[in-house]
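Peer 1: Using the sequences and the hints given, assemble the complete structure.
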Amino acid sequence: MCLAVPIKIIEVNDIKAIGEIEGVKREVNVSLIPEVKIGEYVLLHAGFAIQIIDEEAAKEILSIWKDLLKKL
Amino acid sequence: MKFINEYNDPKLINKFYTLIDKIMNEIGRPVKLMEVCGTHTMNIGKAGIRSRIPKKLILLSGPGCPVCVTPSEYVSYAIELAKKENTIITTFGDMVKVPNSKEEALKIFPKNKVRIVYTPLDTLTIAKDNPDKEVIFLGVGFETTIPVIGQVLLMAYEKKLKNFSMLTSLKTVPEPLKILSQNENNKIDGFILPGHVSIIIGLKAYEPLGIRGVVTGFEPLDILMGIYKLLQQVKNNEVQIENQYPRAVTYEGNIIMQNIMKEVFQVADTRWRGLSTLPKSGLIIKKKYEKYDTMKRFNIKEMEEGEPKGCQCGNVLIGVINPRECPLFGKACTPDNPIGPCMVSSEGACSAYYKYEQ
Ligand code: SF4
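Protein chains in written order, with the numbering used here: chain A, 1 to 72; chain B, 1 to 358.
It should be emphasised that the hints constitute simulated quantities derived from the structure, not laboratory data.
Treat the numbers as computed from the prediction; the structure is a model and nothing was measured.
Every clue listed holds true.
Computed far set for chain B versus chain A, every beta-carbon distance over 10 angstroms:
hint	residue
1	Arg52
2	Pro54
3	Lys178
4	Ala268
5	Ile284
6	Arg324
7	Pro335
Label-pair ranges, simulated between beta-carbon atoms:
hint	chain 1	residue 1	chain 2	residue 2	range
8	B	Glu357	A	Glu20	33 to 43 angstroms
9	A	Asn13	B	Asn299	40 to 50 angstroms
10	A	Pro34	B	Pro10	36 to 46 angstroms
11	A	Leu69	B	Gly306	44 to 54 angstroms
12	B	Glu6	A	Gly39	10 to 20 angstroms
13	B	Pro10	A	Ile21	22 to 32 angstroms
14	B	Glu263	A	Asp67	42 to 52 angstroms
15	A	Ile15	B	Asn130	18 to 28 angstroms
16	A	Pro34	B	Gln182	32 to 42 angstroms
17	A	Glu60	B	Gln232	12 to 22 angstroms
Cβ atoms here follow ideal geometry from the backbone N, Cα and C, with glycine treated the same way.
Peer 2: Structure follows, in structure tokens:
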């Protein structure tokens with residue numbers, strides 16, 4: 001029930017935003033993360049965006065592991 | 001899909017299994033880890049992780065399925081409310097199948113009486129469209145969902161909605177972790193901590209517990225990274241909280257959501273299925289907002305109910321037995337005909353084992 005899916009924000013109108021996931025548009029309430037900008041990915045849970053996904057952090061951790069696994 | 005495909009790369013996944021084999025050999029003793037969150041349980045099953053890790057590495061499923069830990073009497077309150085003429089019950093999907101101790105469930109009611117909503121926001125619309133009905137939302141969840149539920153309550157308050165209330169069963173994660181980590185009969189070496197709960201409460205919420213834990217995401221690589229990190233801590237005799245989900249989780253958590261929780265709810269002792277009443281383990285609606293509290297609005301008297309007969313859900317939820325060890329598993333109790341809540345929710349350990357680990 002704590003499921004949350006990444007969705008790209010394509011429109012923001014105050015607290016109501018539109019997100020797109022695999023070509024499907026969905027309404028996203030962004031009142032819990034008002035700093036969100038168009039083009040960012042958020043985690044969508046029960047109709048609300050609960051977090052902006054940090055792309056840098058995502059890249060960094062993957063590259064750390066990839067380097068380590070290369071040595072195997 | 002972005003942020004999903006990268007974490008499903010089969011080559012990297014295979015390498016992780018090699019790493020895990022290797023470190024388990026170095027540790028040289030059995031290790032018990034617990035995945036706290038039901039979404040982890042489900043995804044571990046889906047990815048077939050249990051069958052690919054060494055036998056000596058045991059992954060226990062924890063109490064992090066909100067539907068599973070919601071006490072039986074809660075279902076009875078909801079059923080009684082649904083029987084009233086002027087009510088509409090709105091709920092997340094899983095709740096309608098959860099049986100109480102008499103094996104009754106909300107699914108017996110017609111669809112316009114007990115309505116499944118995807119977001120509690122829909123409940124507000126239903127309340128507006130049905131001014132002559134009392135609309136009751138079944139607010140069940142952990143910290144991921146609690147701020148959402150709180151925000152919707154605040155919206156109702158601002159709009160001065162007169163025919164809306166919430167029957168809540170809200171649980172917080174840290175307290176039961178402390179209790180589970182202190183159980184001498186079932187020593188757990190480390191916890192795979194819930195990624196989405198942690199977005200809200202932040203890493204800092206786990207620090208006072210003194211447990212070994214890694215916060216991680218939900219894709220196969222996320223989970224394997226988390227397991228490996230925990231094994232490294234076991235091997236090096238370290239006890240700390242680490243973050244393998246920095247794309248979503250921060251140290252402080254989300255302050256806006258923490259403030260909503262503080263504004264609307266207060267900490268209370270709450271009943272968990274299988275774990276009885278745990279001190280300070282949940283949240284209830286504050287006095288200021290009590291006209292939106294279904295328990296107060298309908299003057300419901302609190303009671304306590306036992307489990308459905310023969311159901312071992314309680315022991316499953318604390319990792320004392322695995323679902324297959326319940327005599328009813330897969331026989332009298334299946335997802336189509338669930339006896340206990342752990343078989344109902346797709347995130348329940350019994351249901352995840354039935355689907356993926358038979
Ligand atoms: S298999 Fe069914 S009866 Fe047994 S513990 Fe799980 S939910 Fe309860």
